Amino acid sequence: MHVFTRTRLARRVGALAAALALVVSVSACGNTDSTGDGDKATDTPSGSTTESGVVVKDAWVKAVKSGMTGAFGEITNNSDADVTVVSATSDAAKMVELHEVVDDGSGTMVMQPKKGGFPIPAGETYTLEPGADHIMFMDVTKALKPGDTVSLTLKLDNGDTVKFDAPVKPFTGAQENYQPSGSMSPGDMSSE
Amino acid sequence: MTDTSRVGRRHFVQTGVAALGGAVVGAGVGHQVWGADTTAIRPGADTSDIVAFYGIHQAGVETPPPAYAAFVGLDLAGRMVRDPLRRLLTLLSDDAARLTQGQAALADTEPESAALPQALTVTFGLGPRVLRALGGQAADVGLRELPAFSVDRLQDRWGQTDLLVQLRCADPFVLAHARRVITKDTRSLARVRWVQEGFRGGPVTPAGTGRNLMGQVDGTVNPGFGSAAFARQVWIDDAPAGIEGGTCVVLRRIEMLLDRWDKVDRAGREFTIGRRLADGAPLTGGSELDPVDLTAKDKYGFPVIDQASHVARAHHRTPAEKFLRAPYNYTLDRPDGTTEAGLLFAAYAADLDRQFVPVQRRIAAEDRLNLWVVPIGSAVYFLPPGCREGEFVGQSLLGGSR
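Chains A and B, in that order, give the protein sequences. Quick note: the first sequence uses my numbering, first residue 4, plus one each step. Quick note: the second sequence uses my numbering, first residue 255, plus one each step.
Take these hints with a grain of salt, some might be off.
[What the hints assert, rightly or not] Subject to a maximum C-alpha distance of 20 Å in a straight line, what follows is the list of computed PhoX-like cross-link-like pairs (lysine-lysine):
1. B:K438 to A:K68
2. A:K97 to A:K166
3. A:K97 to A:K148
4. A:K158 to A:K97
5. A:K145 to A:K158
6. A:K148 to B:K438
[Stated by the list, open to error] Away from chain B, derived, C-beta distances all over 12 Å, residues of chain A:
7. G56
8. D61
9. D83
10. T92
11. E100
12. D106
13. T111
14. P133
15. D142
16. T152
17. T164
Keep in mind that the hints were calculated from the coordinates and are not lab data. The structure presented is a predicted model; accordingly, all values stated were derived computationally and were not measured. The C-beta atom is built at its ideal place from N, Cα and C for all residues, glycine as well.
Pulled out of the complex, with its shape left as it was, chain B reads as follows (with noise of 0.2 Å):
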């Protein structure tokens, strides 16, 4: 190995999360790092595409969500809670670590897949019940199950669990290879409930959002990464050691009734989202990024945007009601031959109960789009801060060390 070849740590977060950042116009990086660590990386990696894993937060939050997403929903095997809990986050944040720098994870049996880690993050969240269980510190996230909205078609398959791991990745083959080695080491340990495969379209507009399955621009309302806003939204602060630094973070599997969608003009979808499909752009004028005028009347008086319309029902009525959406697109293709398809709607607040639920409630009790969507999965958890080198995420909460 030469010299060329080994890049510290500190150098490769900071040049590879800038370089990442610069692939989203606008996007700015704020991923706060712990330095001084010299690891090595391994030849051929590319520095550009390796988030830093150790950090004041954890990974996979504050960075532009890259092409795909494996959310894996595991619930602890046994009764017990702690123990198990700390051995399993002993060893999946050890193959984090790993993985997520193109090095091979500890008795990975595939170790060359690892190599280039094309922006791979590993998260990892705690359902209610664990925080329930755990009690103390843990039970002082406040976090709780969302309560039933009027639209919900929940199916269980999709439901609550323990654990949460989600993998992101701009590369599908290294996506597959971090996914098999983190649920290898869980075997002993938990159960994967589900597995919630999405992806990204786009980047389709000059704020970097994609598209869904309907076609709409979706996801355009997001504070700035490294932003005081994002700070505000997402992280959790003024909190006890083990919990200020997280987040909270709920993904609702959106069932989108697309051979219905089909028969709705293009009129008729601009009116329903209150948005332009070909940019994103409020049907008020401007540019995606642009306010939405929910004041505006056309020549007949009738509002521009209309009140039931999706943005004028999903958009913040206070600025309590902010958070960051990091949606992945699904499809699941049905042994009958048809296709479900949706959104993975992820979004990230550092309170969902203040945050989400009142938007949520609105959009349940009265939303145009509800005609061609179905929430069928929900599930919430606490994302612990991020840990530093030697230990695990959710250490100080679990308490031992790894």
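Only chain A is shown next, with the shape it has when bound in the complex (with noise of 0.2 Å):
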């Protein structure tokens, strides 16, 4: 398994200040802290309800030349019952899991495919955001360029399907360094 390391510095900075547990947030891979456990407050999505009842706003996919980037938004689950996103799947890359950022038990945020999916409850959003749960593009089929649209599907456990489209944009947050197992060379993932 592929696993994604961030330092222990921002974890620090992160314990400082609560005003600095945004930056942290948004700028690096892994703030446990920042749940998207879907108890967070959300706005009233204003996007087209499937028949699933689950919709997706705001999403946003990270501009990347070749190799990982990760697709961001909320997903706001409208139905009456609970649902779990299962898998995500994009033409844009060869390979989509649902990732999730956590403490592997020594300070080090480990970025890992999430076991069973992102739960929502009824009613509740789940919020995909840099350094926190995200869908993962392993590896893109061509350069996602500033302004592209890429197209997305989220599979439910119900066997529901929800399409959305998401804009590319440039972001150099969330600078995750890509350390494969037993390997000392960490790659990059920047966008352009």
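If you follow the hints, you should be able to join the two separate chains into one complex; please do so.
This is the structure:
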């Protein structure tokens, strides 16, 4: 399994003050305080509602020339039943995973596939953002340039699918260092 | 979020613009808007300070200019035009649509800074080179670079660019955040050539006009917002989709030689401009908005308003020579400790060649004010019509969907 790490520094900074926590959560991969558990304050979505009652709002994808990138946004479950996003697909990437960012127990934040997917209770919104849960494009099929549009499809545990488009945006935050297991040569997934 | 904090855009368009117009005496605002959008705004946003982004026209023209502005001139980074421009305007239109409504842009690294838009408007313009490169319908806009004027001492650093982003806001902090979000999203597609920041004083007259740094009441002769005269002078009419509802802007950086102006006494200053310094009224009397009487003579038989005064030269000679003026003052501190000061003369007209150029030719040929002002920058842009939600500004010209 690929393991993504970031420095402990960002975590220490995050502990300094609530005001700084924001900076960390948007600039680094891995603030466990930023839950994305669906209990965050939400806007009322204005997007179109699918039959499943699940809508995606404010979606965007980080521009990247090649390799990995992330998709972010807010998934709202307007149905009466709890649902779980179990997978995502896109023509823009050979492999798409649902990722979470967790403390590996030593203070190092690691990014890894989220077991069981993204659970969204009825009426709740699940936030995907840099540094927290997100949809991971493991290997983009072509350069994702700023201003392009990427189509994604979410698959829910009830069998429904949710299609949505996301604009590609330049973004230099969440500079996850890519560190394959057993390797000391980090790569880079910075955007152009 | 409670129900009371959810305000439909149609509602705050009306209340917001009405309140904004009400801030300036006599300025009725007629920004036409497509409605039926129920996007909620964040709690804490003051609806009275929100100017609609979507509409038949772009925002930032037919509304009272707020205190601060930043004009950002950009050149496309590569040789391609259509594709990068489409992607750029897709991103920036979305940024503007959110920021102007008090919402964070997508991927906004400082999302809370967008909460109070303070009459923020973001307006996009295309330069003549871009229109020519796009060809077809875009070339029909007919916008071209201004002719050379004898008074010009133009510096390339303030010259024509491919694109203009005009940001106006009542709060310089909000403006700075919006400007950074916008320029960050241009980075891979365009290069910022200049940023011209400006500020307005006042209003100092009942008509809402402010002063320039020479102390003159500046920007008096304007059509009323929402008036038929405004529509006639500013908005392009009877043109293909993608052009109709647009306008053109000329942005000229006029340096004021204030150290030289210091040597002119009050009478000389009023003689030069043809208006009273105190209230902007013509030297022939009345108040600011009263007609300028260029035929009145004093007791010695000389014209009360000198034929070479600025007001005499800049005053329209035909109905076609009218346009909208929305100038901003600027200062720029030089490394040597001196300060460049002047006016960002921004004027809006459906047809610059027909409406603005004759006036500027007359000023260049003779105007007492020319002793103290020097045009050092000049650029013109077509401001495409506004867009609907889900579209981007310029989409009709560029094709494709957001």
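Status of each hint after checking the structure:
Between the alpha carbons of K438 (chain B) and K68 (chain A) the distance comes to roughly 17 Å, so the proposed pair stays at or under 20 Å and holds. Restraint check: the Cα-Cα separation between K97 (chain A) and K166 (chain A) comes to about 17 Å, which is no more than 20 Å; the hinted pair holds. For the suggested pair K97 (chain A) and K148 (chain A), the alpha carbons sit about 17 Å apart, so the restraint of at most 20 Å is met. Of the pairs offered as hints, the one joining K158 (chain A) and K97 (chain A) holds, with about 16 Å between alpha carbons and a cut-off of 20 Å not exceeded.
The straight-line distance between the Cα atoms of K145 (chain A) and K158 (chain A) is roughly 23 Å, outside the 20 Å bound, and the hint therefore fails. Restraint check for K148 (chain A) and K438 (chain B): satisfied, since their Cα atoms lie roughly 14 Å apart, inside the 20 Å limit. No beta-carbon of chain B is positioned within 12 Å of the beta-carbon of G56 (chain A); the least distance is around 18 Å. At the 12 Å boundary, the C-beta of D61 (chain A) falls inside the reach of chain B, the nearest C-beta of that chain being 6 Å off.
Against chain B, the non-interface label of D83 (chain A) holds: every CB pair exceeds 12 Å, the least being about 20 Å. The Cβ of T92 (chain A) lies farther than 12 Å from every Cβ of chain B, with a closest approach of about 22 Å, so its non-interface assignment holds. Every Cβ of chain B is farther than 12 Å from the Cβ of E100 (chain A); the closest lies at roughly 21 Å, confirming the non-interface assignment. For D106 (chain A), the condition that its CB be more than 12 Å from all CB atoms of chain B holds, with the nearest at approximately 23 Å.
The beta carbon of T111 (chain A) sits about 24 Å from the closest Cβ of chain B, which is more than 12 Å, so the claim that it is off the interface holds. Listed as outside the interface, P133 (chain A) is inconsistent with that label: its C-beta sits roughly 8 Å from the nearest C-beta of chain B, within the 12 Å cut-off. No Cβ of chain B comes within 12 Å of the Cβ of D142 (chain A); the nearest lies about 21 Å off, and the non-interface call holds. Distance check for T152 (chain A) against chain B: the nearest CB is about 7 Å away, which does not clear 12 Å, and the non-interface claim fails.
At the 12 Å boundary, the C-beta of T164 (chain A) stays outside the reach of chain B, the nearest C-beta of that chain being 22 Å off.
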